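Asks: Please construct the entire structure, taking both the sequences and the accompanying hints into account.
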Amino acid sequence: MNATIDDRRRRLRERAEAPIRPGAWGVRGRLLVTGLALVVGWGIFAWIWQVSHGLVVTGLNNHVSWGVYLTNFVFFAGISMAGTLISAILRLTHAEWRRPITRLAEMITVVALVLVASMVVADIGRPDRLQFVLLHAHLRSPLLWDFLSISTYIAGSVLYLYLALVPDLAILRDGGVGGRVRGRLYSALSLGWRGLPEQRRLLVRAIGVMAIVIVPVAVSVHSVVSWIFGMTLRSGWNSSIFGPYFVVGAIFSGIAGIVVVMAIFRRVYHLEEYITEKHFRYLGSLLLAAGIMYAYFTLSEYATVGYKMEVGGASLLSALLVGRYAPYFWFFAIFGTIAPIILLALPRTRTVKWIVTAAVLVNIGMWLKRFVIVIPSMALPLMPYEWGTYRPTWVEWSITAAAFTAFALLFMVLARVFPVISVWEIEEGWEAPVAAPRRLLPIAAPSPRVTPSRVKEPS
Amino acid sequence: MKRLLAVASLGFMIAAVGIEPAHAGDDVATTIVADQGPVTVNGQPVELRFHVRDAAGRPVPGALVRLFVPVEFMGETKNAIVGEGTTNDGGSAVIRFAPAQTGQVVGTLAFWGSTGYAPSEATVTFDIQKPVYAYDPAPMGLQAWWARSYLILVPFAVIWAIYLLLLWLVVRVRRAGAAASAPSDIAATS
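Residue numbers (this note's numbering), protein chains in the order written: chain P, 40 to 498; chain C, 51 to 240.
Hints were generated in silico from the structure; no laboratory data involved. One or more of the hints may lead you astray.
[To be verified] Capping the alpha-carbon separation at 30 Å, the derived lysine-lysine pairs in DSS-like fashion look like this:
{"id": "1", "chain 1": "C", "residue 1": "K180", "chain 2": "P", "residue 2": "K347"}
{"id": "2", "chain 1": "C", "residue 1": "K128", "chain 2": "P", "residue 2": "K347"}
{"id": "3", "chain 1": "C", "residue 1": "K128", "chain 2": "C", "residue 2": "K180"}
{"id": "4", "chain 1": "P", "residue 1": "K392", "chain 2": "P", "residue 2": "K317"}
[As the list claims (entries may be wrong)] Residues of chain P clear of chain C, computed beta-carbon distances all greater than 12 Å:
{"id": "5", "residue": "V96"}
{"id": "6", "residue": "L169"}
{"id": "7", "residue": "R221"}
{"id": "8", "residue": "T337"}
{"id": "9", "residue": "P366"}
{"id": "10", "residue": "P420"}
{"id": "11", "residue": "P431"}
{"id": "12", "residue": "V452"}
[Said to hold, decoys possible] Simulated restraints, written as ranges between beta carbons of each label pair:
{"id": "13", "chain 1": "C", "residue 1": "K180", "chain 2": "P", "residue 2": "L169", "range": "37 to 45 Å"}
{"id": "14", "chain 1": "P", "residue 1": "I280", "chain 2": "C", "residue 2": "Q151", "range": "30 to 38 Å"}
{"id": "15", "chain 1": "P", "residue 1": "T388", "chain 2": "C", "residue 2": "I202", "range": "40 to 48 Å"}
{"id": "16", "chain 1": "P", "residue 1": "F374", "chain 2": "C", "residue 2": "E122", "range": "42 to 50 Å"}
{"id": "17", "chain 1": "C", "residue 1": "E122", "chain 2": "P", "residue 2": "I83", "range": "52 to 60 Å"}
{"id": "18", "chain 1": "C", "residue 1": "P181", "chain 2": "P", "residue 2": "Y321", "range": "24 to 32 Å"}
{"id": "19", "chain 1": "C", "residue 1": "V204", "chain 2": "P", "residue 2": "L173", "range": "35 to 43 Å"}
{"id": "20", "chain 1": "P", "residue 1": "L70", "chain 2": "C", "residue 2": "G191", "range": "56 to 64 Å"}
{"id": "21", "chain 1": "C", "residue 1": "P181", "chain 2": "P", "residue 2": "I381", "range": "48 to 56 Å"}
Model, not experiment: these values are computed from the prediction. Backbone N, C-alpha and C fix where the C-beta goes; we use that ideal spot for every residue, glycine too.
Replies: Shown next as structure tokens:
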């Protein structure tokens, strides 16, 4: 029995450490990283061009002052929300199957939040004035609430990711993985972790508290993002359900993001033994539930606007359903919502391939949905004038491409430094039948498993 | 005899149809007189006082008078009842009017008649310079001692305090590791 566990433990650690070891990327990996870095570099050049020449080089204008930058902002905020939220909820509900995927979910959040912040910087045009948000803070402004909630969420997500990383960092430190520089990093970050009962008790308590705290923070982030729109009187945004609508949308697109990232890492790093079809099926079920809820919210939102047919709402609805924005809206509705729901609901298509296909469709559809939330309401005239026009320029497309590429690049770099699967949690899961079931709750007393004799057992 | 009865019945029926009700012709004509000329409205509701009198100039008590003004709704203009009042023994009444529109509005005071009194109407002009809102738009915001914008900071402060607490736990994890320097205490996970 011990030999089997030791063998599994050795294989797991080898698999988790493989991407971190020198030369792990190989030639193809380096080429890919170089390609990604070039795209990101081009995006940075485009941004410098924009800063030098002003926002006039974008398609933004006095009618449509929020364009693809804000679309990306909402999209990445949605992706970021689900990562930590899913991880925290699965921890709090003691879902045993969560163990191999929580790390990926937490990493997604941190990476996406970096891009959320960068999209704000891209959109304001004058980044040198960013400090005015604080220097001239207006507490009644949803923009300031957004700043507060996103900065709180970034701090919380990094802390949450870090806390769950500590035992794995100690494994890397003790294994001498990653050379001298990273060895020092692991040594510094692992907090002198020895797996002592007191250390475990404190860490379990910290993770438990964080799992509870991060849920309302995550919900607040996307609620406040929605209020940036919903607190105005513009048609299409003037809605009382925008908070929950955005939160559900974030969960929908975020789970889809986790599925896609999970599939890529599973394939590239050969994690099939740990990230199994079961994980895809379970996440597929969550994705299905979120999709049905999102479809319901969408129907509810547009049905109420369509029934009342207030002048602005009627114009907006026409533009969305049969007008200039209809292709985007219907792509979202058919391929981004209905088709994934069908794929996820049918037993025949509940396979890894189709679940990943559904997740990709959801991500494309949800980006387009954010586009038709942001742009048409801005283009709709508030006074009797013509509709505003908006056509993103090469600058905006370059920065957008760089943002999505940076997502992949940052993830590759993170995976080069930290294990993408939580080794200690998976090992803990193997011992789960003999462990106390509620040990991740902060009020839990130390379980019998973490007594000194039990802790010493693995070595 | 039968022929006589038939002729008499026919004559009675013709008379019944052709003759107006006895009281209709006896109704006394009435007039409505508003106390004011053009009524100026400047953001406050106005009280329109008027009198109903009969042809002899005597007050008509208990007369229900309605005030109509033309209003536009869904592209159609109709007369809507915006107030009503019943005259007292002196034949006078007051109608309170809070217009929501602006400009000159010609309203109609209408008495639809009652037993012994014929209907009558009168017009009254309102010069509405500023409409009356159903609720006061100023001062803006919820007026309560606890409604303060800085309270938005409270949940964030609580969350950041918890973060600091967790960082303190992190420090304690490090201290626990440092304290266990003796090899016998070390139970490495690797």
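Asks: Tell me the hint numbers this structure goes against, listed in increasing order.
Replies: Hints 18, 19 are the ones this structure does not satisfy, whereas the remaining hints hold.
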